[in-house]
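Asks: Spelled out from the first residue to the last, the chains are:
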Amino acid sequence: MDSANGQGGFYFALLRLIARLRHGTAARSESNAAEAYVVGASIFLLSFVFLSICVGWRSPPLLLLLLFATWIFWVLLLYANSLIVRVTRITRVARTCTNSRLQSTLIGFESTGFAIVLVAHRDPARVLGALWLVVVAANLVAALLLAAWQRSDSR
Amino acid sequence: MSSRVRFFHRFAVRGVFWREYLDWAIVNAPFYMHFVLLCFWTLFFFFFAAPARRAVVANLRIVLPHSSWLMNQVRAFQVFYNFAWTITDAAVHKLTKAAFRYEIVGAHLLDELGAARGAIVLTAHMGSYDLGAALFAEKFNRQIRMVRAPEPDQQTEQHLRASLARAGEGAVKVDYNTAGALLSFDLLNALRAGEIVSIQGDRVIGNIAQTRGALFGRKVSLPAGPFMLAQIAGVAIFPLFVVRLGYRRYGIVIREPIQVVRTNADRTQDIDAAVAEWCGTLESIVTEHWRQWFAFTPLVAAVRNG
Numbered sequence: 001m002d003s004a005n006g007q008g009g010f011y012f013a014l015l016r017l018i019a020r021l022r023h024g025t026a027a028r029s030e031s032n033a034a035e036a037y038v039v040g041a042s043i044f045l046l047s048f049v050f051l052s053i054c055v056g057w058r059s060p061p062l063l064l065l066l067l068f069a070t071w072i073f074w075v076l077l078l079y080a081n082s083l084i085v086r087v088t089r090i091t092r093v094a095r096t097c098t099n100s101r102l103q104s105t106l107i108g109f110e111s112t113g114f115a116i117v118l119v120a121h122r123d124p125a126r127v128l129g130a131l132w133l134v135v136v137a138a139n140l141v142a143a144l145l146l147a148a149w150q151r152s153d154s155r
Numbered sequence: 156m157s158s159r160v161r162f163f164h165r166f167a168v169r170g171v172f173w174r175e176y177l178d179w180a181i182v183n184a185p186f187y188m189h190f191v192l193l194c195f196w197t198l199f200f201f202f203f204a205a206p207a208r209r210a211v212v213a214n215l216r217i218v219l220p221h222s223s224w225l226m227n228q229v230r231a232f233q234v235f236y237n238f239a240w241t242i243t244d245a246a247v248h249k250l251t252k253a254a255f256r257y258e259i260v261g262a263h264l265l266d267e268l269g270a271a272r273g274a275i276v277l278t279a280h281m282g283s284y285d286l287g288a289a290l291f292a293e294k295f296n297r298q299i300r301m302v303r304a305p306e307p308d309q310q311t312e313q314h315l316r317a318s319l320a321r322a323g324e325g326a327v328k329v330d331y332n333t334a335g336a337l338l339s340f341d342l343l344n345a346l347r348a349g350e351i352v353s354i355q356g357d358r359v360i361g362n363i364a365q366t367r368g369a370l371f372g373r374k375v376s377l378p379a380g381p382f383m384l385a386q387i388a389g390v391a392i393f394p395l396f397v398v399r400l401g402y403r404r405y406g407i408v409i410r411e412p413i414q415v416v417r418t419n420a421d422r423t424q425d426i427d428a429a430v431a432e433w434c435g436t437l438e439s440i441v442t443e444h445w446r447q448w449f450a451f452t453p454l455v456a457a458v459r460n461g
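Heads up: the protein sequence lines correspond to chains A and B, in order.
Quick note on the working numbering: the first sequence kicks off at 1 and runs consecutively.
Quick note on the working numbering: the second sequence kicks off at 156 and runs consecutively.
Extracted from the complex, chain A is given alone in its bound form:
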């Protein structure tokens, strides 16, 4: 078996920082399967719990229904985000960033908003919200460290 076109690296700053500390590379990549599956599933879970609290559904049949409602919610939210992205293009706020990077930023804000609501709620789900906030904070710190590191490297 021959292999070619090999890739490595991570997308999120926290993992890129860890990779840099371990292997010395911090290149951004979208090729990591674990990131693709775990982050997507986590965001979906967070929004699912957020919506279940909002609508107050607890019984299994309603939760099953909510699962599909959460999917529709994301399809619509991504469309709404794309309109915001379009506005940023028209107003020239973001010109060089790709659509998916801008969407990623918006999704980051939205999921953090869901997490804040969960933390404020008296529910076991607040643990999930708190965990998300810790991960987001760690990721932001990692992004700052990576930026500082890159600046010192370029000097």
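Hints are all accurate, no fakes.
Per the computed footprint, the stretches of chain B lying under chain A, defined by three or more beta-carbons under 8 Å from a beta-carbon of chain A, are:
{"no.": "1", "stretch": "171–185"}
{"no.": "2", "stretch": "191–198"}
{"no.": "3", "stretch": "250–262"}
{"no.": "4", "stretch": "393–403"}
If you are wondering where the hints come from, they were derived from the structure by calculation, not from laboratory data.
Since the model is a prediction, treat every value here as computed from it, not as a measurement.
Note that the Cβ used here is the ideal one computed from N, Cα and C, for glycine as well.
Dock chain B against the given chain A, drawing on the hints supplied.
Replies: Showing chain B alone in chain A's frame:
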């Protein structure tokens, strides 16, 4: 077709709307959202594309005869899920030019194919044959002519044609098996000129020349064209399959070439021998990768109609 009917036709299972939506989602949704969205879209199509689901279940009954009805439904879902990933990956490659990892099983045979002066690549509706053709053209810097059945929906067909042209960056030329005898002469000339022609040889769609083979103990109709072309042009047939191995990771599986040598015997006997060899290869690859055999028409009905 009236403009109103045409509008609603866009939203049919094979309508162009879903292909356009996929392209939109690739550009707009971050890569980590694809997994969850694909799971739900797979479920959506699993229920709404009932004829395709029934065909996959019927085919699985033949491939895995000891599997129960319920297990075959679960397995059909896996086939749909893999199909969703496959067309998504093809769209990602087309729109973002993202790099894909690939592993080659039978690297020396692929080199042989890359260096061949005229060859037929015989493949199946398996994995990402569109992506595979683009990767092959890129790796060997060679043009490839792909013969395929047109999509039933005209707008979807136009969309797919444009996608292939964009993904292959002009190195993948698409021909349609509906073109009839004219195409046969055209392909023969291409093979004699040293080109590589890729044909899907696992099912017969439309009114094309057919031959009989045996798959999993059942008689099936298969396209006769690749075998006749190989015999007349004097080129080898390389069985090649592109299977999805994981996230943005593919396997290019290439098997020993099939020679359709003209002996003194009846020409059809030589072709029958090559067809039997192809059926053996196809059977082994489908047994191994049934999750990625995107045969959305029933195998047995094909021979009944034939």
